[in-house]
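**Q** Here the structure of chain A is known, so what remains is to put chain B in place on it, guided by the hints.
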Amino acid sequence: MAVTILARDHLRLQAAQERVTIDRSCRGPVLAFSATALFWLLVGSLLALLASLKLHSPYFLTGSAIWTFGRVRMAHLQAVALGWSSLAAMAACLWLMCRLARVELIYPRMLYLACALWNVATTLAVAGILLGDGTSVEWLDAPTYAHPFFVAGVGLVTAWVVATFRRRREAHVYVTQWYILAAVFWFPWLYTVATLMIFWIPATGVIQPVVNWWFNHNFLGLWLTPIGVGTAYYIIPKILGRPIHSYYLSITGFWALALFYSWAGIHHLIGGPIPAWLATASTVGSMMMFIPVIAVAINHHMTMIGHFHRLKYSPALRFTVFGAIAYTAVSFQGSIESLKDFSEVAHFTHYTVGHAHLGAYGFVAMIFFGLYYYMIPRLTGREWYSSKLIRLHFWCSAVGITLYFTALSIGGWWQGRMLNNPNVPFANIIMYIQPYLALRSVAGTMMTIGHIAFAILFIINLAGWGRQRSGGPTLFAQPPQLTPSELPKADSLMNAPVTQLQP
Amino acid sequence: MDRGMILFIGVLLTFTSSWLGLVLFPFWQLQNQPAFQTSPEEEPYPRPLQGLAWTGMKVYQKNGCMYCHSQQIRSERFGNWWEDPTGIMRTGGDIRRGWGTRRNVPRDYIYDSPTMLGTMRTGPDLANIGSRYSATWQHIHTYNPRALNSWSIMPSFAFMYRKERIVGSRSEKALPLGREWTVRPGYRWRPSPNEWAAILQQSGDQIKARFLRESGQPISDWTTPETQQQLLEFWLATPEEDWQILPTEEAEALVAYLLSLRKAEYPLPEAKE
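Read top to bottom, the protein sequences are chains A and B.
Each residue of the first sequence is one higher than the one before, counting from 1 in full-length UniProt numbering.
Each residue of the second sequence is one higher than the one before, counting from 1 in full-length UniProt numbering.
Be aware that one or more of the hints could be misleading.
Okay, the calculated beta carbon distance ranges per label pair [said to hold, decoys possible]:
#, chain 1, residue 1, chain 2, residue 2, range
1, A, Asn423, B, Gln229, 33 to 41 Å
2, A, Leu311, B, Met89, 45 to 53 Å
3, B, Arg190, A, Phe476, 46 to 54 Å
4, B, Pro176, A, Pro435, 29 to 37 Å
5, A, Trp277, B, Ser131, 50 to 58 Å
6, A, His172, B, Trp54, 33 to 41 Å
7, A, Ile336, B, Gly87, 22 to 30 Å
8, B, Glu270, A, Ile336, 45 to 53 Å
9, A, Ala152, B, Pro269, 46 to 54 Å
10, A, Ile251, B, Ser131, 38 to 46 Å
11, A, Asp341, B, Phe8, 34 to 42 Å
12, A, Leu311, B, Arg188, 47 to 55 Å
13, B, Trp151, A, Leu311, 44 to 52 Å
It is worth saying that the hints were derived from the structure and are not from the lab.
Here the structure is a predicted model, which is why all the values come from computation and not from measurement.
Using N, Cα and C, we set each Cβ at its ideal position, and we do this for glycine too.
Isolated chain B (complex conformation):
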């Protein structure tokens, strides 16, 4: 094999084979798939992302969310690895987990660019996340996932939220979170024993009164460790008086995108099983 030309032709042909087979052929097969419509009056599915949701897709993209979250529901016939209580081996974990109502097909993605199918499930699948949680849940979870799931290893995206001094009344958009999560955005805060002592000195009576009013629990002795712990926990769960956490435009956009993800809901004829 000392001839450059033979080498070149061979290398060209072998590589072209996979290019034709794996790239060009599926390209011809799939490039012109239309949106689905049963009648002309009906709104077609899927629809392209627009406005805030499109901006949110960009936020999702640039922060690499898809490195932990896939966006694809696999068939009920996929996999054969779990045993139900009757001892039968079952398939199709994705739908059973409630991640979607049907499997995804190429048509679900005709308006996606980039198409972020994902290759990893460090976190759960998001193909249909828009139908699972509310905007408020998404905001709290994005701000600090551990405020909702203590076991979560998802990063905090507190940098997409701003902490502002309340002028007048609290904004409607402020996240409903206790001071435990808002004093140090992104972290879980606890006062040091000295700080806590100072706080009790300054406004202990007010906190105690509020605790009695809201818990309805009569407490006679405030000095036991249990009651002190209860009081601290109560106080940490109440919002900061002067500060609020507001979503930036980025956070609003991201949540709009997450809410728009409903890829495994609308029935498509080709996605029966």
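Bound-form chain A, shown alone:
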């Protein structure tokens, strides 16, 4: 017994030492991706707030072409989807790949170039749209001259991920790695095919919106979702110090997502001038999504069962678990939303906007916030400056997105019911929806305040004003000392892959 414990301690020490070396090698490139992602989050939040205010106060900042609603809305989407979410997703890919493959980061200059290319692309997209080059192709609003930069940027990241994977020193390939490998392969293909078929060699008529919705839905489904889910698959077991609930369930979840999510997008064109079988095929795909979503939900939440009290202490865990719960919720909602009777009401309304934000923010952004709170101190060697600011960030984001979602779901649903009833004059619908749109601005203001708190924490950490990490992590509250019966059993730790252990 004593020998086992000694061997275990030795292994743990070695693994922790290795992780410190790997994190040190990741520092520069991963921080470059993370910091610029955060910059675009702030830009995107301000644009969002402006667009939101304009929808219920049309006289606000009127009279200039640059800040007109349509342009601001397009610029917001590019800033948060391609700026913030995608850069944060790539930061996650880099760091998680290095840690899970147990190799130090290779080719840092290639990654700096990728980061620069992607940021040039996002700048061209956001500035181009505001100055009048927006394309009005939802999610692909970036002017065509930004396309090559996006493709080159993500292409380099994909090549890097494959190169790192081939050098892996850990024989076991963890579920997070499957998701990352799949995502970095899917996204460049998706983006290239969609831009080619819509802009460079435009397909005829309604094929464009079909390709457009195939892209849009898969941007979330095959790019942000796999990386978001993969990140949660890493963070939750890591902080809890226990393995995920079921390895086989994670395989089912992964392959079912790969097969069904890519089919789900076209239900957004329900009732539109497209062949009816297309929307039906997508509805089937959306319903089948229950399989991977339930598999992932069981895995994430069953791992948490019995450990929810840990949410009181760990900021990273709290954000990540919020995101994981939102993923389950938004996916169930999405499957049901694709049903014809439901979609006929929700289509063309703010209900869909609420749903999109529950996915892109409640799920994706919250998980990336969790990742930042866990990852950044390990990269910089410094802890977060203030748990009060983290608390402010969490509650602004959590209450903000909940209010956002609730307001738009209720308002949007009745907007849809009234739109379908030709006896309701259009003016009544506009007047009915306004209080809900105003509530959305309140929610957006809260979320923006949260992001500013987040940015302050990040800058303080980078500038080196925080405590050294050796002092222990910044927690919301100090957990009580664990009693021996609560400590993880030595056996379960020995059976778990080394990579899942707490440093």
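**A** Same frame as chain A, now just chain B:
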């Protein structure tokens, strides 16, 4: 699942399935749809956008109009959510709203690029807007939607119009709007009490004379609050004497595009119900 190759092949195959099914298959099905013609002499429908209307489509595109306006009329069999006075649940709100006379089909869009079907109806559908309103209405509405609908939340596109001093006579293209909408383009203007007092001092008699002439209403006492309010409203509704609002080329193009939108009018055999 520790083998990279198996992962790669699986990921490739699953994704290819949706690419074939959702992208390539409809592409083959729809890419070569011709315009519709009953006889060779007849003009085919639809026709590609040309000239000013095409430029206007670009204005529509770059200002993100489609984020509030769809361009698709849905079938009369779509939806089942409203009750007519006899208590029967009805379908097909789009056509009943007068947004078009028939549903839209793929052929209506064969010359559109980008195809801006839209995903949102914060504002009404525009597939057939060209048959609903005149050019003047469109110009006033684009300049400031609240000049026509007080409840509207559409942005003002006053930046597509220029305010010019009148030289000689007022241009034929000038927007027929009262000074309330033209003093501060994009906003609704009201003089402050001091400004209004100064205006009355300077040209009160002329305004009063004009009010009497145009309203035909005999007013003996100009000092009551009601008559003062009436006079102010009257004056605000009259155009500015020295200034006019003219559409720029962008505005002309946008309105030409809006007037060209008649996607749900011409009967097509495949769009019966």
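**Q** For every hint, state whether the structure bears it out.
**A** Structure-based check of each hint:
no. : hint                            : result
1   : A/Asn423 / B/Gln229: 33 to 41 Å : holds, 36 Å
2   : A/Leu311 / B/Met89: 45 to 53 Å  : holds, 47 Å
3   : B/Arg190 / A/Phe476: 46 to 54 Å : holds, 53 Å
4   : B/Pro176 / A/Pro435: 29 to 37 Å : holds, 34 Å
5   : A/Trp277 / B/Ser131: 50 to 58 Å : violated, 31 Å
6   : A/His172 / B/Trp54: 33 to 41 Å  : violated, 59 Å
7   : A/Ile336 / B/Gly87: 22 to 30 Å  : holds, 28 Å
8   : B/Glu270 / A/Ile336: 45 to 53 Å : violated, 32 Å
9   : A/Ala152 / B/Pro269: 46 to 54 Å : holds, 47 Å
10  : A/Ile251 / B/Ser131: 38 to 46 Å : violated, 57 Å
11  : A/Asp341 / B/Phe8: 34 to 42 Å   : holds, 40 Å
12  : A/Leu311 / B/Arg188: 47 to 55 Å : holds, 51 Å
13  : B/Trp151 / A/Leu311: 44 to 52 Å : holds, 45 Å
Of the numbered hints stated above, those contradicted by the structure are hints 5, 6, 8 and 10, listed in ascending order.
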